[in-house]
Amino acid sequence: MNKNDRNTQKLIGHGRTADIYEYGDNLVLKLFKTNIDEQSIIAEYNQSRIVQKKGLNVPFVIEIIDMNDRKGIVYERIEGKSMLQTMTSQPMKMECMARQMAQLQYSIHQTSSNELPDQKDILERFIQRADLLHDCQKEKIINYLHHLPSGNVICHGDYHPDNVMMTPSNPKIIDWNNASRGHQMADVTRTFLLLKYGTIPEHLTKQLKFFDEAGRKQFYSQYLKTYLFLSGDSTDDIHKWEIPIAAARLAEGIPYEEKQMLYDQILKII
111 MNKNDRNTQK
121 LIGHGRTADI
131 YEYGDNLVLK
141 LFKTNIDEQS
151 IIAEYNQSRI
161 VQKKGLNVPF
171 VIEIIDMNDR
181 KGIVYERIEG
191 KSMLQTMTSQ
201 PMKMECMARQ
211 MAQLQYSIHQ
221 TSSNELPDQK
231 DILERFIQRA
241 DLLHDCQKEK
251 IINYLHHLPS
261 GNVICHGDYH
271 PDNVMMTPSN
281 PKIIDWNNAS
291 RGHQMADVTR
301 TFLLLKYGTI
311 PEHLTKQLKF
321 FDEAGRKQFY
331 SQYLKTYLFL
341 SGDSTDDIHK
351 WEIPIAAARL
361 AEGIPYEEKQ
371 MLYDQILKII
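Read in this note's numbering, the sequence shown has 137 at position 27, and its numbers run on one by one without any break.
It is worth saying that the hints were derived from the structure and are not from the lab.
A couple of the hints might just be wrong.
To be verified - Dumping the calculated DSSO-like pairs for lysine-lysine here, alpha-carbon to alpha-carbon at most 27 Å: (1) 164 x 250; (2) 120 x 164; (3) 203 x 230; (4) 191 x 350; (5) 350 x 335; (6) 191 x 230; (7) 350 x 248; (8) 282 x 248; (9) 203 x 120; (10) 230 x 164.
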């Protein structure tokens with residue numbers, strides 16, 4: 111690990127796992143919170159380097175540093191707003207952005223990798239940690255997961271409008287800490303569930319009043335329609351992956367209301 115005493119500048123973003131600071135010229139520092147374990151940070155760094163080398167539209171990753179008893183990753187600074195933020199000022203372009211989001215994800219799925227972690231292994235670990243599920247339910251879902259098709263394409267693992275940066279040139283996709291090699295429809299199903307049930311960041315709640323249940327449905331319907339048109343897959347392929355993806359999501363630090371909606375959806379199917 112590199113020890114670095116460069117002074118950070120202003121805070122420009124924050125999330126559940128890290129704060130984002132300006133960091134010198136054309137760089138940002140993603141400074142992780144103290145409850146994030148070191149192996150997760152190293153994994154994000156390595157996975158970011160892998161997808162960068164594959165030529166995908168991602169920020170360049172520079173190094174891991176230690177600062178103020180916290181670990182961070184230095185990235186290329188991306189100028190622009192996220193797709194979610196952009197929708198707050200341009201809601202009439204929502205359907206256009208849904209199509210663009212699907213096209214970008216489809217382009218990612220045209221690239222394969224043997225270096226990234228296995229998607230099914232990740233899902234199984236998360237399902238085992240889902241506290242709302244009984245052991246017998248976990249066993250049933252994991253057995254079902256093992257019978258689903260495997261794949262070798264690059265999957266983002268947390269692909270949603272707040273992880274797509276709208277730059278002056280091409281959109282860039284950030285936050286590759288959940289990246290894996292696996293089946294593209296698992297990745298699409300994860301995005302679908304995030305769009306349908308995911309909690310909107312608190313700082314954007316007021317600006318995204320139009321993103322109510324009807325607005326969400328309009329967005330994710332257009333997203334799915336576009337992706338399925340490009341890939342030749344069907345909604346049946348989404349339904350096949352819905353249970354294990356929703357079950358794995360239960361192990362994440364998400365609001366109880368979202369967990370309950372996912373759990374209710376699981377119970378409807380199993």
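Going down the list of hints, with the structure as the test:
Between residue 164 and residue 250 the CA atoms are separated by roughly 36 Å; this puts the pair beyond 27 Å, and the hint is violated. Between residue 120 and residue 164 the alpha-carbon distance is near 32 Å, which puts this suggested pair outside the 27 Å criterion. Restraint check for residue 203 and residue 230: the C-alpha separation of about 35 Å exceeds 27 Å, so the hint is violated. Under the criterion of a C-alpha separation no larger than 27 Å, the hint pairing residue 191 with residue 350 is inconsistent with the structure, at around 34 Å.
Proximity of residue 350 to residue 335 is assessed by CA-CA distance (about 17 Å); at most 27 Å being required, the pair is judged to hold. Proximity of residue 191 to residue 230 is assessed by CA-CA distance (about 32 Å); at most 27 Å being required, the pair is judged violated. A C-alpha spacing of about 16 Å is found between residue 350 and residue 248, which places the hinted pair at or below 27 Å, so the restraint holds. Note on residue 282 and residue 248: the hinted pairing is violated, with a Cα-Cα distance of about 36 Å set against a maximum of 27 Å.
Restraint check for residue 203 and residue 120: not satisfied, since their Cα atoms lie roughly 31 Å apart, outside the 27 Å limit. Restraint check for residue 230 and residue 164: the C-alpha separation of about 22 Å stays at or below 27 Å, so the hint holds.
Going through the hint list in order, the structure does not satisfy hints 1, 2, 3, 4, 6, 8, 9.
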